[in-house]
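Below are the chains, spelled out letter by letter.
Number of protein chains: 2
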Amino acid sequence: MPKLEFWYDFASTYSYLAAMRIEALAAVAKVEIAYRPFLLGPIFKAQGLTTSPFVLNPAKGRYMARDIARIAAARGVVFHVPEPFPAHSLMAARIGMVAENEGWIGPFTRAVFAAEFADKADIAAPDTLSRLVAGLGHDPARVMARAGSDELRLALRTRTEAAAEKGIFGAPTFLTEDGEIFWGDDRLEAALSWVRTSRAPG
Amino acid sequence: MPKLEFWYDFASTYSYLAAMRIEALAAVAKVEIAYRPFLLGPIFKAQGLTTSPFVLNPAKGRYMARDIARIAAARGVVFHVPEPFPAHSLMAARIGMVAENEGWIGPFTRAVFAAEFADKADIAAPDTLSRLVAGLGHDPARVMARAGSDELRLALRTRTEAAAEKGIFGAPTFLTEDGEIFWGDDRLEAALSWVRTSRAPG
Chain A
24 MPKLEFWYDF ASTYSYLAAM RIEALAAVAK VEIAYRPFLL GPIFKAQGLT
74 TSPFVLNPAK GRYMARDIAR IAAARGVVFH VPEPFPAHSL MAARIGMVAE
124 NEGWIGPFTR AVFAAEFADK ADIAAPDTLS RLVAGLGHDP ARVMARAGSD
174 ELRLALRTRT EAAAEKGIFG APTFLTEDGE IFWGDDRLEA ALSWVRTSRA
224 PG
Chain B
24 MPKLEFWYDF ASTYSYLAAM RIEALAAVAK VEIAYRPFLL GPIFKAQGLT
74 TSPFVLNPAK GRYMARDIAR IAAARGVVFH VPEPFPAHSL MAARIGMVAE
124 NEGWIGPFTR AVFAAEFADK ADIAAPDTLS RLVAGLGHDP ARVMARAGSD
174 ELRLALRTRT EAAAEKGIFG APTFLTEDGE IFWGDDRLEA ALSWVRTSRA
224 PG
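Order-wise, the sequence lines are chains A and B.
Here this note's numbering is used: the first residue of the first sequence is 24, the next is one more, and so on.
Here this note's numbering is used: the first residue of the second sequence is 24, the next is one more, and so on.
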């Protein structure tokens with residue numbers, strides 16, 4: 024099955040929109056999704072930004088909230104802007120690296136995004152993350168210990184450096200096996216279509 | 024007929040995409056398009072940017088060129104990134120204010136965008152603009168004189184200030200009569216749909 028990489032930060036609002044629909048769209052497109060959690064912070068920092076563009080540019084931030092509210096309403100999805108915004112997503116991303124290694128990254132990703140943007144939970148709080156991990160049937164103590172290990176810290180750093188090297192500058196980003204980049208929830212259909220049609224039918 | 028304002032800068036690549044299809048979509052949606060040329064430069068300057076984000080952020084600039092090339096190919100539209108980029112759009116915008124006042128802003132807008140992004144013409148060159156104005160059946164000498172008048176310079180400055188006041192931070196932006204903002208060529212359908220459905224059918 025052809026593959027599409029889904030690069031996202033757990034603090035990213037438009038990544039939430041994409042995460043909640045990507046599996047349904049990928050299933051009918053017969054495309055496999057490879058989850059690639061990373062951190063936008065270092066990417067923004069390299070661009071000279073100290074925080075999210077939605078904070079630095081208030082008009083853009085107000086627009087983002089309204090744009091997503093309209094889209095979420097049309098899709099029947101709940102959406103709240105978290106407080107504080109953006110959420111501190113480092114710990115969720117580290118657990119995401121564990122989940123990716125162990126094969127439960129899809130459900131974990133949806134659980135984190137739903138907690139953050141639908142249920143107003145604080146995803147920087149260890150309690151929240153432990154609850155989500157336990158809810159997926161994993162031992163929070165073991166997972167949290169592994170997420171805090173040097174190995175996983177390094178893996179997340181390497182992942183984020185790889186994002187920059189691939190030309191990723193925002194999230195969500197969809198990356199095809201032949202190197203095409205699609206940026207934004209609104210490019211998900213185009214990315215899936217590219218993956219489907221740049222190969223022989225089958 | 025319900026109305027939708029189309030705010031754009033003649034140097035804006037995604038505004039080109041929108042300008043070349045907005046009349047066809049608006050016709051079937053039975054929505055009237057009000058053309059609102061303005062300058063992105065002062066908007067970017069107020070955000071602390073010295074030029075286009077696509078120049079300041081090379082990864083984003085490369086992505087924009089590829090994203091538009093894919094979309095243009097799918098629509099059967101020619102697209103070249105102008106050199107230099109972004110084009111200097113001040114004179115085109117001033118003539119746009121004349122054209123808006125005199126009722127030929129739609130054809131003028133399409134002529135400028137096609138010259139710039141399809142025909143590799145320099146829209147900062149008076150010769151180019153004179154040729155385009157003449158091609159629409161207007162006297163270039165008269166139009167250029169009016170475009171350089173204090174009245175039109177002030178009108179363009181006021182227009183650009185109005186853009187900032189309305190919360191516009193990029194282009195193209197679609198503004199509904201009830202104050203909804205839609206940003207980007209990829210939101211044109213949503214903007215037209217909003218205008219259609221927020222009113223009684225008719």
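Treat the hints with care, since some could be wrong.
For chains that are exact copies, the list does not tell them apart, and a pair is met inside one copy or across any two.
[Said to hold, decoys possible] Listed below are the simulated BS3-like cross-link pairs for lysine-lysine, each with C-alpha atoms no more than 27 Å apart in a straight line:
#	residue 1	residue 2
1	26	143
2	26	83
3	83	189
4	83	143
5	68	83
6	53	83
7	53	68
8	189	143
9	189	26
10	68	26
11	143	53
Hints listed in this document are in silico derivations from the structure and should not be mistaken for laboratory results.
Consistency of the hints with the structure:
no.: 1; hint: 26 - 143; in the structure: neither (32 Å within a copy, 37 Å between copies)
no.: 2; hint: 26 - 83; in the structure: between (33 Å within a copy, 24 Å between copies)
no.: 3; hint: 83 - 189; in the structure: both (26 Å within a copy, 12 Å between copies)
no.: 4; hint: 83 - 143; in the structure: within (22 Å within a copy, 31 Å between copies)
no.: 5; hint: 68 - 83; in the structure: both (19 Å within a copy, 15 Å between copies)
no.: 6; hint: 53 - 83; in the structure: neither (35 Å within a copy, 29 Å between copies)
no.: 7; hint: 53 - 68; in the structure: neither (36 Å within a copy, 45 Å between copies)
no.: 8; hint: 189 - 143; in the structure: neither (33 Å within a copy, 30 Å between copies)
no.: 9; hint: 189 - 26; in the structure: within (16 Å within a copy, 42 Å between copies)
no.: 10; hint: 68 - 26; in the structure: neither (30 Å within a copy, 41 Å between copies)
no.: 11; hint: 143 - 53; in the structure: neither (33 Å within a copy, 40 Å between copies)
In the structure shown, a violation is registered for the earlier hints numbered 1, 6, 7, 8, 10 and 11, in ascending order.
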